[in-house]
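For the record, the sequence lines run as chains U and F.
Residue numbers for the first sequence follow my numbering, beginning at -13 and rising by one.
Residue numbers for the second sequence follow my numbering, beginning at -10 and rising by one.
In short, the hints are calculated from the structure, not lab data.
Just so it is clear, the structure is predicted and the values come from calculations on it, not from any experiment.
Hints are supplied without guarantee of correctness; some may be wrong.
Stated by the list, open to error - For the chain F half of the interface with chain U, some residues (derived, Cβ under 8 angstroms), not all of them:
1. N8
2. R12
3. V21
4. I22
5. G44
6. V107
7. A110
8. T142
9. R144
Glycine included, every Cβ here is placed at the ideal spot set by N, Cα and C.
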Amino acid sequence: MKFTSALTTITVGVTVAALSGCGGAAAEQASSERPAPADRPTVVLVHGAFADSSSWNGVIEDLKRDGYPVIAAANPLRGLHSDAEYVGSVVGSVSGPVVLAGHSYGGSVMSEAAVGHPNVKALVYIASFILEPGETTSQLAAKFPGAQLGPALDTVPIPLPNGGMGNDLYIKQDEFRRVFAADVAPEITELLAATQRPITDAALNEPATAAAWKSIPSWNMVTTEDLAIPADSMRFMGERAKAQTVEIEASHAVTVSHPEAVADLIGEAARATAT
Amino acid sequence: MKPTIVLVHGAFAESASWNGVIRRLHTTGHRVIAAGNPLRTLSTDAAAVADLLAGIQGPIVLAGHSYGGAVITNAARDNADVKALVYVAGLAPDKGENTPDLTGKYPGATLGEHLYEVPLADGTADVYVHQNAYHQHFCADLSAEQAALDAATQRPFNTAALNEGSGEPAWKTLPSWFIYPELDLAIPAQTFRFMAERAEARATVEVPGASHALPASQPEAVADVILQAAATI
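Just need the whole structure built from these sequences, with the hints factored in.
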């Protein structure tokens, strides 16, 4: 009874005030090389498949040091549209400007989730997909040669929410480091492999229905040593979206291996879109 | 054959909360899978974990933290490979009991006063812990830096999962081990003692001074109990 009685007394207004206060204490530590805008947006991070929000930990540390409030969204990885609707509700719970950043499949989700939320000022794609309506995540992973993820996957049959059977996909634990995170230390990748969250094959094969990047400025980090999404695919999508693109010599797991570079790009997007 | 150890995280956390435990279990050569608990409804969460268990060959030790305990209580029911249940500051509901029934059964829980809701399109709501209350009320024995990360990356709990009653509990037919913190502000220690006694636990360990975030703050103690359970197989 304790949980529920307390819940009913809490309003969304209180929530938002508490959340936006979180990063404030660290504000004075912001580095002078990259001053954060005075009215800092909330950074909402969307993790990808075969990962969870802890994949952003190093990035969150940097962003908090620079005074940004941060929420890492619990991407369900069930279906593109339902995941986007879910992340959209997280974005909708934030008052004030938002910078959205997505890793991998998280970018596919973010492009739809931002639609209808005018407080989203910037989209930051990190080793990610920038889909046109009608395209699927799988299609763009295979559009250029070089991806090695497919043969490294295990499937677990699951019932789908709207009837029928589907599959949860996992990366085989002993292949995880090679195909996903080759530039991360083995003692870390053994943890990432054991804690990876699966994605349904349906989510990877569901076509995008919206592309917020057509109306919101975008940034794009291309990981040149990526075996999950070929760098050429990321370059192609970034050019099409007229995104500000940077390249980094890194594996797909760049939020873990180069968190400071990821936080820098998010900070750049926040500064460029500050009002 | 060594058992596979499957870890089920609780609400306001994710599988990374088990990192220290996984590291220790890997040193003893166990295969470990941390399940991605959806935290949507108790029955569907249990089904998701049951689907994962069904794909594992050989014996399984199933451990759950916090609400993850309620999930293992229901996920293990129809799988003969599950040989042991380990409740890590975990809920072990009886048939029909839900989370608030147990968190409110004895006085002492303060976490419920620091939650907020985010409405979802389907009419339900997700429950989060306020980031500025997370350290004190969820994980007081972790560093402020770790608490800030865990607060930002917490996975929310759907109201439907919170309020759904348990099915027939697997702890009635499987041996169980309990490890719980003395200073838990999410679930009172007295609730853990009550549940452990009711389940006729093989062993019950109270960790002095520890918070609810036991897998993160006391990974050695947690892994020890899991290995004790694994050694009986």
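Results of checking the hints against the structure:
Interface restraint check for F:N8: the shortest CB-CB distance to chain U comes to about 5 angstroms, inside 8 angstroms, so the restraint holds. Against a cut-off of 8 angstroms between C-beta atoms, the interface hint on F:R12 holds, since the closest Cβ of chain U lies about 7 angstroms away. Interface hint status for F:V21: upheld, as the beta-carbon distance to the closest one in chain U is roughly 5 angstroms, under 8 angstroms. For F:I22, the shortest C-beta to C-beta distance to chain U is roughly 6 angstroms, which falls under 8 angstroms, so the interface hint holds.
At a threshold of 8 angstroms, the smallest CB-CB gap from F:G44 to chain U is about 5 angstroms, leaving the interface hint in force. Satisfaction of the interface hint for F:V107 is found here, the shortest Cβ-Cβ separation to chain U being roughly 4 angstroms, below the 8 angstroms cut-off. Interface hint status for F:A110: upheld, as the beta-carbon distance to the closest one in chain U is roughly 5 angstroms, under 8 angstroms. A cut of 8 angstroms between beta carbons decides the hint on F:T142: the least distance to chain U is about 4 angstroms, and the hint holds.
The closest approach between the C-beta of F:R144 and any C-beta of chain U is roughly 4 angstroms, which is under the 8 angstroms cut-off, so the hint is satisfied.
Comparing the model with each numbered hint stated earlier shows that all of them hold.
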